[in-house]
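Using the sequences provided together with the hints, build the complete structure.
So the protein sequences, as listed, match chains D and Z.
Per the working numbering, the very first residue in the first sequence carries number 1; after that it's consecutive.
Per the working numbering, the very first residue in the second sequence carries number 1; after that it's consecutive.
If you're looking for bench data, these hints aren't it; they were derived computationally from the structure.
Below, in silico cross-link-like pairs of lysine to any residue (SDA-like), each with a Cα-Cα straight-line distance of 20 Å or less: (1) D:Lys27 x Z:Val227; (2) Z:Lys37 x D:Pro34; (3) Z:Lys107 x Z:Arg230.
One-sided and incomplete, this derived list gives chain D residues near chain Z with beta-carbon spacing under 7 Å: (4) Asp33; (5) Leu42; (6) Leu43.
In this text, all values refer to a predicted model and were calculated from it rather than measured experimentally.
Note that beta-carbon positions come from the ideal geometry of N, C-alpha and C, so glycine has one too.
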Amino acid sequence: MNIIGLLIPIALFLGLVGLGAFLWAMKSGQFDDPEGAARRILLDDDLDEMGPKDR
Amino acid sequence: MAGVAAEQWDTSAAFVTQDDEGLAHIDLLVQGIHCPKCIRDIEGGLTSCDGVKNARVNFSTNRLHVAWDAGRLASSDIVKTVTDLGFEATPIDATVERSPDEDEARKLLIALAVAGFAAANVMLLSVSVWAGVEMGDATRTLLHWISALIALPAVVFAGRPFFTSAWKAFRSGRLNMDVPISLAVILACALSIFETQAGGTHAYFDAAVMLLFFLLIGRYLDLRMRVRARSAASDLMALQRVTAHLIGADGSTTPVPVSTIRPGDTLFVAQGERVPVDGTVESGRTELDVSLLTGETLPAIAENGAEVFAGAINLAAPIRVRADKTSDNSVLAEIVRLMENAEQGRARFVRLADRAASIYVPTVHTLAAATFLGWWLLGTGGWIHAATNAIAVLIITCPCALGLAVPVVQVVASGLLFRRGVLTKSSDGLERLAEVDTVVFDKTGTLTRGQPELVAGQDIVAADLALAASLARASRHPLSRALARAAGDGPAADTVQETPGFGLELETPQGTVRLGNRAWVGIDDAGEAKELELWLRRADGETVRFAFEDGLREDAAATIAMLKQMGLEVMLLSGDRAAAVAAAARDAGIENFKAGCLPTDKIAELESLKAAGRKVAMVGDGLNDAPSLAAAYASLSPASAADISQTAADFVFQGERLGTVVTAIRVSRGARSLVFQNFGLAILYNMIAVPLAVAGLVTPLIAAIAMSSSSIVVTLNALRLNLIRRGERS
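Here it is in structure tokens:
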């Protein structure tokens, strides 16, 4: 049972890292334009010369 | 569209801000972005301009932020670049956009994150307690203490929205949904601490944080929907915000915000612009499109000394106007006052969730009190045992389902409507629209297209049409535009002279060609003065007549039939002449109509319908409809409507089809029935769980399972709205 003395702090620490990451993402505007991010990934800037087909 | 006017008379400069590094910034509301290619076109087009440092499209809000070297480009160049790419760009004032609700939503999201973190970690410990077959008392108590360490700060932090709201309600002697929520959470924590220090088995820390987590989701969705509705409204305001051109003492013009105009200022109103405030024409002669003010299709003539009203669009020639009033004191303001009076009636609407809460809250409290008294007086466990059971009742009845069911349904419904081209502008509009039993339409611009069209089947020689169109293409007059549309693409004559109020003139080698009203072409018979007509006089002196009509929207009749089939009563209220209204009503299949209505008449009509117990949805577009849109139980307006009408309406629908009105009503009804289903599910859940709690059989494990499963069930049921609609369509 001594192992929980190690495991619980680790679990809590990982949880806190997740929470911190979320708060950071929120603060730095990662959620300001969710739709745009979803669509920008479709842009093939390196294939520009070939002319992207209209989906 | 802003075309020539936008280039010559730049209004965007008033919205530019400068930073310390000499960069100029502007925010534009861009319409027409719908694919990744649009993003790249705009951003690429701008960044390839010399001097532009940064251009970023926000797809979710349709905003574009541009930063550039102020010395090398003017803001009008930026706007022009975007316009040339085929997008409509309107400068907006980004600094005033941030509403308190938006900050509130941010705080809720942080609280939600904290509650989620706590719920997950406490659950981790709780599960091991529940599953811990060989767990000793000491270990269990240790795990409980760790849970307390996580849960208590989280509850204090994430519970604040509920506690403050409950406290406010409590102090003013009311009960809202937050009172039982706060009680349950606080009592659950207190009881758990008591149990833990006594080394007991039943700790409810997980229930307390999970409760907050679920409820915060509902609360956040609800608020976000309100923020969205509000930003839709403020976008519309931004589109309406006109800047005016002030003529200084030295004759130069400067763009200024309309709100700064004082009576006595001299203003320049270019062709295609709106008159910013009520005033008097000082010089120039033009025609004004007053259709949004009065519902009248034909333009009015304005010349020296004539009064002009804010909102009219200058069609023919530039004019100078002396301002007589400030912007919040014009005819518009009168309409706004009517609107505000009308809106007060609507403020009394109580949302479904609140109505449910008013029954729910007293019931829950009575149940908990009865449980406490019952166990205390009849049981053997003493007051501690009695309190434990009473708190279990409070926890188990906590309105997770209620708090989550309604927001989720509404978010799904408004998202669905958005994809069908309907913008939801008020968050309780959905609930009101679902209860409607009468639909009242306005005629011009709502039932009809709002722009005249050449009557088909006239005996017109193609050569005459082509000749007339070549003149008409040079003019902004609605009838000229209709003629040009009917003739299709073709050349525009170069040297056309326009005489506002009469017509167009073109000198040709063969003689003079004229296009205009009957006096203009030299016919002066008093008889048969049909309003919508144009005359062409060819070079050889022959005259040709073109007749126009303001046609119904393509699916108007079908929409009316559909509404009737859905059991709704349909009415037509218009400010137009009786004959025109009767004709439109006949074509659309509406038996019940009234013509010649002033805005006050429309309101009176709506009031009498209301007095007869009817719930009316108003569909209208004109400025004269704005008060009745605000007075109606629910209201819709097309995206082509007067800005103030769009602001007053609950829903704004895009596109040519009137059928979206039917869609809006269908979806809102679907949403309503889902909300009721969810209430039903919540009641069912309580009927099973409450007796267990009263009997003292609920353990923390059962509470956790019951609460989460009921929340998940109502959420899944709400998502069903998407499925139903898809099925209906195919």
